[in-house]
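Enquirer: Sequence:
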Amino acid sequence: MHIQVNNASLYAYTGGKPFNAAQPTAVFIHGVLNDHSVWALQTRYLAHHGWNVLAIDLPGHGRSGGPPPASVEAAADGVLALLDAASLQQAALIGHSFGSLIALEAAARAPARVSHLALAGTAYPMSVSPALLQAAVEAPEQAIHMGNVFSHSTLCPPPSALASGLWLRGASRALMRRILAGNCQTNVFYTGFKACDSYANGQHAMPAVRCPTLFLIGKHDQMTPPKSAKALATLARQAQLVEVNAGHALMAEAPDEALSALRDFLGIGV
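In terms of this note's numbering, the sequence shown opens at residue 3 and continues consecutively.
Simulated from the structure, these hints should not be mistaken for laboratory data. Just so you know, not all the hints are guaranteed correct.
Pairwise CB distance ranges (calculated) [as the list claims (entries may be wrong)]:
(1) 229 <-> 22: 23 to 31 Å
(2) 91 <-> 143: 41 to 49 Å
(3) 51 <-> 89: 34 to 42 Å
(4) 186 <-> 131: 33 to 41 Å
(5) 239 <-> 262: 35 to 43 Å
(6) 240 <-> 270: 17 to 25 Å
(7) 114 <-> 265: 23 to 31 Å
(8) 50 <-> 91: 17 to 25 Å
(9) 270 <-> 175: 30 to 38 Å
(10) 148 <-> 258: 27 to 35 Å
(11) 183 <-> 132: 21 to 29 Å
(12) 232 <-> 183: 19 to 27 Å
(13) 68 <-> 179: 19 to 27 Å
(14) 83 <-> 232: 30 to 38 Å
In silico lysine-lysine, DSS-like type, Cα no more than 30 Å apart, as pairs [unchecked claim]:
(15) 232 <-> 196
(16) 196 <-> 229
(17) 232 <-> 221
(18) 196 <-> 221
Where a beta carbon is used, it is the ideal one built from N, C-alpha and C, also for glycine.
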């Protein structure tokens, strides 16, 4: 579905189910050069088990219009504007990588409007190497290759992912190329990485969050090392840590474990 947010059309995948105001809602936020599809298994499950799902394409990504957010703060304001546009008083926010910082900042800015906060593949600070930032501008294909190598700890996913035997790096590379090519006006690759690298409010944002917070950590994550996520967790009021046997792309490499952690955290089936 498309929702008008800040004078632009924002796409949100609903898991194939119509929006039901009587149900709780989860907003899924992807990372740099990704889109809603990275949450395939998790969003489908929630949508068929009593939850509304709004898995967004960030502005300037995929099917969403508008300029890509140049900062975590701007993206967080956009998520809160989405809640307003969808007439949602409260929602669970679930973010991965760049999306985790966006979810964190949104939850800190409007704590009463967030029932649950799930941060997957997160870290603070979320520093990006100068070499990767430079490559995102001067040699994006090289940067895509670098990002994929550092994000994946295996080549093929389990059967519960998109398809048994799928080449994870190849699928991820194809998605990143598509998102990059889909916006000719702005380099969404560099813009997203720069926003992650520049975010400086995590240490203040985390204590401002009032709801329970899940830290979903990949044991082999080289992009956002587990120790960085655990350091952020010490600032949370109600932290829960779950480590899965995966790298940064944990929703694809450990889809069942990621879903199980989210299901338990949200109280689905309890």
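Enquirer: Against this structure, judge whether each hint is valid.
Expert: Checked hints:
Between residue 229 and residue 22 the Cβ separation comes to about 41 Å, which falls outside the hinted range of 23 to 31 Å. For the pair residue 91 and residue 143, the supplied restraint of 41 to 49 Å holds, since their beta-carbon distance comes to about 44 Å. A hinted range of 34 to 42 Å is violated for the C-beta pair residue 51 and residue 89, which are about 22 Å apart. Checking the proposed 33 to 41 Å range against residue 186 and residue 131 shows it is violated: the Cβ atoms sit about 26 Å from each other.
As the Cβ distance of residue 239 to residue 262 is approximately 24 Å, the hint placing it in 35 to 43 Å is violated. Distance hint check: the CB atoms of residue 240 and residue 270 are about 18 Å apart, consistent with the given range 17 to 25 Å. Restraint check, residue 114 to residue 265: a C-beta distance of roughly 24 Å satisfies the suggested window 23 to 31 Å. About 24 Å separates the C-beta atoms of residue 50 and residue 91, a value consistent with the hinted range of 17 to 25 Å.
In this structure, residue 270 and residue 175 meet the distance hint of 30 to 38 Å, their C-beta atoms being roughly 33 Å apart. Range check, residue 148 to residue 258: Cβ separation about 28 Å, and the 27 to 35 Å hint holds. Checked against the given bound of 21 to 29 Å, the beta carbons of residue 183 and residue 132, roughly 25 Å apart, stay inside it. Between residue 232 and residue 183 the beta carbon distance is about 37 Å. The supplied range of 19 to 27 Å is therefore violated.
Distance hint for residue 68 and residue 179: a CB-CB separation of about 21 Å, consistent with the stated range 19 to 27 Å. Residue 83 and residue 232 have their C-beta atoms about 32 Å apart, which keeps the hinted 30 to 38 Å range intact. With a CA separation close to 23 Å, the supplied pair residue 232 and residue 196 stays within the 30 Å bound. Among the hinted pairs, residue 196 with residue 229 is consistent with the structure: their alpha-carbon atoms are about 22 Å apart, no more than 30 Å.
For the hint pairing residue 232 with residue 221, the CA-to-CA distance comes to about 12 Å; that is within 30 Å, so the pair holds. This hinted pair checks out: residue 196 and residue 221 have alpha carbons roughly 25 Å apart, not beyond 30 Å.
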